[in-house]
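Undergrad: Add chain V to chain A, keeping to what the hints say.
In order, the protein sequences belong to chains A and V.
For the first sequence, the residue numbers in my numbering are 1 to 342.
For the second sequence, the residue numbers in my numbering are 1001 to 1243.
To be clear, the hints were calculated from the coordinates, so they are not data collected in a lab.
The hints are all genuine.
Below, a list of computed lysine-lysine pairs in the BS3-like style, where the Cα atoms sit at most 27 Å apart:
1. A:18 x V:1096
2. A:341 x V:1024
3. V:1109 x A:189
4. A:341 x V:1019
5. A:8 x V:1096
6. V:1212 x A:338
7. A:8 x V:1132
Covered stretches of chain A (chain V as the covering partner; in silico rule of three or more C-beta atoms under 8 Å from a C-beta of chain V):
8. 10-21
9. 184-192
Owing to the predicted nature of the structure, the values given are computational and were not obtained by experimental measurement.
Virtual Cβ for every residue (Gly too), placed ideally from N, Cα, C.
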Amino acid sequence: MRVMALVKRILRQLVRDKRTIGLLIFAPILVLTMLYFVFNGEDYIPKIGLVDVPEMLADQINTEGAQVTFFETETKAKESLAAQELDGYLKIEGNTPAIVLEGSDPSVTGATMKWLQNALPKPPQAVDIPELEVTYLHGSSDMGQFDYFGPVLLGFFVFFFVFLIAGVSFLRERTTGTLERLLASPLRKWEIVAGYVIGFGLFTTIQSTIITAYAIYVLGMVMEGAFIYVLLIILILAMTALTLGILLSSFAHNELQMMQFIPIVVVPQVFFSGLFNLETIAEWLSWISYFTPLYYAAEALRDVMVRGAGFGDIMINLFILAGFCLLFIGMNIAVLRKYRKI
Amino acid sequence: MNKSEVCVSVRNVSKSFGKHQVLKGINLDIYEGEIFGLLGPSGAGKTTLVKELAGLDEPTEGENYLFQQRMPSLDLIRRIGYMAQSDALYEELSAKENLQFFAELYGLKGEKRMERISKVMELVQLSGDMTKLVSNYSGGMKRRLSLAIALLHEPELLILDEPTVGIDPVLRKSIWKAFTDLKAEGKTLIVTTHVMDEADKCDRLGLIRDGKLIAVGTPAELKKETNSSTIEEAFLVFGGEER
Chain A
1 MRVMALVKRI
11 LRQLVRDKRT
21 IGLLIFAPIL
31 VLTMLYFVFN
41 GEDYIPKIGL
51 VDVPEMLADQ
61 INTEGAQVTF
71 FETETKAKES
81 LAAQELDGYL
91 KIEGNTPAIV
101 LEGSDPSVTG
111 ATMKWLQNAL
121 PKPPQAVDIP
131 ELEVTYLHGS
141 SDMGQFDYFG
151 PVLLGFFVFF
161 FVFLIAGVSF
171 LRERTTGTLE
181 RLLASPLRKW
191 EIVAGYVIGF
201 GLFTTIQSTI
211 ITAYAIYVLG
221 MVMEGAFIYV
231 LLIILILAMT
241 ALTLGILLSS
251 FAHNELQMMQ
261 FIPIVVVPQV
271 FFSGLFNLET
281 IAEWLSWISY
291 FTPLYYAAEA
301 LRDVMVRGAG
311 FGDIMINLFI
321 LAGFCLLFIG
331 MNIAVLRKYR
341 KI
Chain V
1001 MNKSEVCVSV
1011 RNVSKSFGKH
1021 QVLKGINLDI
1031 YEGEIFGLLG
1041 PSGAGKTTLV
1051 KELAGLDEPT
1061 EGENYLFQQR
1071 MPSLDLIRRI
1081 GYMAQSDALY
1091 EELSAKENLQ
1101 FFAELYGLKG
1111 EKRMERISKV
1121 MELVQLSGDM
1131 TKLVSNYSGG
1141 MKRRLSLAIA
1151 LLHEPELLIL
1161 DEPTVGIDPV
1171 LRKSIWKAFT
1181 DLKAEGKTLI
1191 VTTHVMDEAD
1201 KCDRLGLIRD
1211 GKLIAVGTPA
1221 ELKKETNSST
1231 IEEAFLVFGG
1241 EER
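The shape of chain A in the complex, shown without the other chains (with noise of 0.2 Å):
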């Protein structure tokens, strides 16, 4: 078989290179970890000062969970928020507190507005209200950030490094000559895409298993669904970054051209792929994810890890990145053209 030649010739190649190999599986586990610790940090404590009190007040307030200073004038508070040594201070003009803030991070202002809000006194006249019970359709009160982030992450570290290695790829094998002198040979273009495919496609699954397993068992990223799902969405993700990149390669004469391509296309797809919130972009701009493979896979992945879907639920999705990735390959045979009509 001809095709298998392909393949194992690439995984030849692949095993060669243990700095690809590197990069293919531990550049997204590094960066996975990092942004594990990233979001998974402690809570902020704000530094908190507080100008010429009166004591009865300064009593009544809880100092749990900041960083609470004492300054007996405005002037002197000024100046540690000015120095960064503060993140606001309050006072109390006549009967009404006020506060000032130093506002450049808009993290560390919502940390402390929120501190101030639970620690100053409730007004007396507030009655009981009874506590408010909270049920989760989905996840729970312990799920953080990174579980709603990870599985966008997950889908686009795959699809990034995927995409760079087998666009660089195939790129050299335009550039050294190669692929003219497979087109030089009986075999046939759609047996050359057919190689590449199956060859890296071996190799992805290889690499999702990995990341993904780590990502779930050792990050302890939200696992609702079932595994095989994931890794099945993660694979069709992979391959159609495979095909998208060996198609861009075409259009690159060198690596630096490749790269190139990752700000226009790799990056847009992360704004469009639900890591913001899709409803808050401007209307004439959201259209823009129906396009971005990203989009699909991962709506699909936060349906498996965070809402814990079946394959019914993800099957339209999981079509849809098997249709981007056959429109590519298509289009793949046709570029070829340009090299041997036949």
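TA: Chain V in isolation, oriented as in the chain A frame:
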């Protein structure tokens, strides 16, 4: 020379890339069992012509026939051994792995494959470097390995684009010996070159300049016709230059 069968027939072939015309109305017959040299300066259109014969390109006008069938055709490609100007080799793999890969593409299996691989490597005198990675090969070794790959599937027609570039005189001599051996087996060889002394070793020559075939004939004929003592002088006369 036995001028029995026409192996390659180039009929009124022109080729343009955009406005730039690379080949201009070329008519040429190459016979079975001869070594035909395409001689001309770089940029003359030699590579474009041999690429068309190898099925990698198509003429804008005219037709190319191989074995009385029109190119390009996958069945014909099987009968050609092509060696490109650049060494199309996988540098991460060893010479043997490169050979195995290309052998499989041509459907060579098992014992036959092993036999062909050792035969062609012997021919290009690389038997001792079989397991070396191609990235550790010198330029001349890569050139010879490319030639070995072109010979693997015992093609009837060999199209070799600058086969002896970067090869030292001793090896060049042994490679030309291999060419004459192949010719003795009844194979047809098309060799492009811009080295004039190699031209003398060809059975017949086609002189190409600026996309035009300016003369065809045996080296002796060409020299006689122009009253020259060397092919180089003959080339200049045909090219319309003063001697």
